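Each chain is listed here by its residues.
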Amino acid sequence: LAKTTQPISMDSYEGQEVNITCSHNNIATNDYITWYQQFPSQGPRFIIQGYKTKVTNEVASLFIPADRKSSTLSLPRVSLSDTAVYYCLVGDDLSSNTGKLIFGQGTTLQVKP
Amino acid sequence: DGGITQSPKYLFRKEGQNVTLSCEQNLNHDAMYWYRQDPGQGLRLIYYSQIVNDFQKGDIAEGYSVSREKKESFPLTVTSAQKNPTAFYLCASSPTSGGTDTQYFGPGTRLTVL
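Order-wise, the sequence lines are chains A and B.
In this text, residue positions in the first sequence follow this note's numbering: the first is 220, and each later residue adds one.
In this text, residue positions in the second sequence follow this note's numbering: the first is 9, and each later residue adds one.
Since the hints were derived computationally from the structure, they do not count as laboratory data.
The structure displayed is predicted, hence computed values, not measured ones.
Do not take every clue at face value.
Said to hold, decoys possible - The calculated lysine-lysine pairs, modelled on DSSO-like cross-linking and capped at a C-alpha distance of 30 Å, are:
hint, chain 1, residue 1, chain 2, residue 2
1, B, K78, A, K222
2, B, K78, B, K17
3, A, K222, B, K65
4, B, K22, B, K91
5, B, K17, B, K91
6, A, K288, A, K271
Claimed, not checked - The following residues of chain A were derived to be distant from chain B, with all beta-carbon distances above 12 Å:
hint, residue
7, D250
8, S260
9, G262
10, Q268
11, A279
12, S289
13, T291
14, T327
15, K331
Even glycine gets a Cβ: it sits at the ideal position worked out from N, Cα and C.
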């Protein structure tokens, strides 16, 4: 299973763009990169998923370089409600078919007014 | 209103008692999961089920048991053998057990052992 490394915490201010980078040096060929968001005392929520280059949805963008050894979650113009823990996960190799997700400690983003 | 529900939201247990946490989904998902989260930590997988009448141990299955008799239900029993059961328990489901399938999480059950 590919291990991920991301910063433990980040601070930002309202209206700023926030970029959270995740390292996954031993990502496998079939692995996808997925980001989840978790608010206190709630279950994680899917944000975005990608395989390579750039993916964008209504919430965030995900940038993945050609070597796929890292990825960056970009949150445009954050607000106080974006204060949460953000998890970067690399999915199991599809051939293993367990759907097992490895959640690290995540990055705690604190947005200040 | 589709989704995944857990009950109760808060649960208190005396030492030596078994307790069962409920998890129900009406998303018609094949796969279901149980995670445990301790303060300031990520989620750890307890058990998962890829299909009805089948389940597999996760990373921290000791002291826990599950059943999957119906597609929509995946209850977790925390037994007295679990040494430190106080934690936040999260149930999730996904369409299949493929590594790229999005997992949908319930609201969680906070278990406290008195």
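Outcome of the hint check:
| no. | hint | result |
| --- | --- | --- |
| 1 | B:K78 <-> A:K222 | violated (34 Å) |
| 2 | B:K78 <-> B:K17 | holds (22 Å) |
| 3 | A:K222 <-> B:K65 | holds (20 Å) |
| 4 | B:K22 <-> B:K91 | holds (12 Å) |
| 5 | B:K17 <-> B:K91 | holds (21 Å) |
| 6 | A:K288 <-> A:K271 | holds (10 Å) |
| 7 | D250 | violated (7 Å) |
| 8 | S260 | violated (7 Å) |
| 9 | G262 | violated (3 Å) |
| 10 | Q268 | violated (7 Å) |
| 11 | A279 | holds (14 Å) |
| 12 | S289 | holds (19 Å) |
| 13 | T291 | holds (19 Å) |
| 14 | T327 | violated (9 Å) |
| 15 | K331 | holds (20 Å) |
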